[in-house]
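Chain Z is fixed; fit chain E onto it per the hints.
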Amino acid sequence: MSGLPDRKEAEVRRMLAGPHPLVPPDLADRALTRGRRLLAHRRLLRRLGRLCALLALAALAWAVLAHGLPTPPARTTPPAEGW
Amino acid sequence: MRERRPAQERRRAREFTLFVAGASGRLLHTAALLTGEPVSRPAPAAEELLTCALSRTYAVWDRLRGDDPYERARREMTLRFARTARRHRRPRGGLLDRLSPRERLVLVLRLYEGVPEEQTAAQLGLPAERVHALCLHAIAEMRSHRPRPAPSRNPGGTQPPSATPEPGPPQDPSAAPEPGPPPHSVPKSPAP
Numbered sequence: 032m033s034g035l036p037d038r039k040e041a042e043v044r045r046m047l048a049g050p051h052p053l054v055p056p057d058l059a060d061r062a063l064t065r066g067r068r069l070l071a072h073r074r075l076l077r078r079l080g081r082l083c084a085l086l087a088l089a090a091l092a093w094a095v096l097a098h099g100l101p102t103p104p105a106r107t108t109p110p111a112e113g114w
Numbered sequence: 024m025r026e027r028r029p030a031q032e033r034r035r036a037r038e039f040t041l042f043v044a045g046a047s048g049r050l051l052h053t054a055a056l057l058t059g060e061p062v063s064r065p066a067p068a069a070e071e072l073l074t075c076a077l078s079r080t081y082a083v084w085d086r087l088r089g090d091d092p093y094e095r096a097r098r099e100m101t102l103r104f105a106r107t108a109r110r111h112r113r114p115r116g117g118l119l120d121r122l123s124p125r126e127r128l129v130l131v132l133r134l135y136e137g138v139p140e141e142q143t144a145a146q147l148g149l150p151a152e153r154v155h156a157l158c159l160h161a162i163a164e165m166r167s168h169r170p171r172p173a174p175s176r177n178p179g180g181t182q183p184p185s186a187t188p189e190p191g192p193p194q195d196p197s198a199a200p201e202p203g204p205p206p207h208s209v210p211k212s213p214a215p
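If you read the sequences in order, they're chains Z and E. For the first sequence, the working numbering gives the first residue as 32, with consecutive numbering after it. For the second sequence, the working numbering gives the first residue as 24, with consecutive numbering after it.
The following block holds chain Z by itself, in its conformation from the complex:
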């Protein structure tokens, strides 16, 4: 199992480890700028999400305080009398 496939793998490995492409000098700067933008974007989204959650919680608290919990509808009809 190990002999032949290993030799083949090593051969392809040699082919893959050819010359490396030239790295453009501004690659790190470009990645840094883009990463910063991504980070700011995520931070903004997180803040918006927190704000939404807070608003929803406040609305819920106001609704409960102002109107009280709604009573469930009666399960039986009231007795009909006097006809």
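Treat the hints as calculated values from the structure; they're not laboratory data. Values in this document were obtained by computation on a predicted structure and should not be read as measured data. Glycine residues also receive a C-beta, built at the ideal position from the N, C-alpha and C atoms. Certain hints may be false.
One side only, chain Z facing chain E, incomplete, derived with CB under 10 Å [said to hold, decoys possible]:
id, residue
1, Glu40
2, Glu42
3, Leu47
4, Gly49
5, Leu53
6, Leu58
7, Asp60
8, Leu63
9, Arg68
10, Leu70
11, His72
12, Arg73
13, Leu75
14, Gly80
Chain E only, in chain Z's frame:
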């Protein structure tokens, strides 16, 4: 906390720049192998792939916590390439032109990056047997075309054939006496 942020950002940027300076050569080679671009010319698709992966690595830099940033960047690159594989089907004249994007991904991860089979399978969401089969097929394909391309084969074929002419272990004897292949035989690039 407000005052600490610029210092923290500067430290992060410094560490990140150092990391990129050390790792970008190898990562760009990996990216160029994946996108199928030749190494002799600038590789815009590979650079775009790498820049995106690096920027995402930067965005999680503070949460790496002992994880290898190289592995993280490679995983981001792998995921993005797997997601956008359809864009990279057209041959661009690189070394792995004859392989499908998924075969390229498996071959590069397994043989160039040395990622174990189970980990590759988990990253790609494939069964390990499928990864094994893809890798074997890719190796057979690479080896069968290693000697100079036969004149009968049409060079304008855009898609790699689904079945290799010689997938099995019996290898062609013509390959044996050639001791050292040129490390990089670029097939001529068709520009459709």
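A quick look at each hint next to the structure:
1. Glu40: Glu40 of chain Z check passes; min Cβ-Cβ to chain E is 6 Å, inside 10 Å.
2. Glu42: 6 Å, holds
3. Leu47: 4 Å, holds
4. Gly49: Holds: closest Cβ of chain E sits about 4 Å from Gly49 of chain Z, inside 10 Å.
5. Leu53: Since the shortest Cβ distance to chain E is 7 Å, the answer is holds.
6. Leu58: 6 Å, holds
7. Asp60: 8 Å, holds
8. Leu63: The hint holds - Leu63 of chain Z has a Cβ within 10 Å of chain E, the shortest such distance being about 6 Å.
9. Arg68: 8 Å, holds
10. Leu70: 5 Å, holds
11. His72: 9 Å, holds
12. Arg73: 7 Å, holds
13. Leu75: 13 Å, violated
14. Gly80: 17 Å, violated
Hints 13, 14, counting from the list given before, are not met by this structure.
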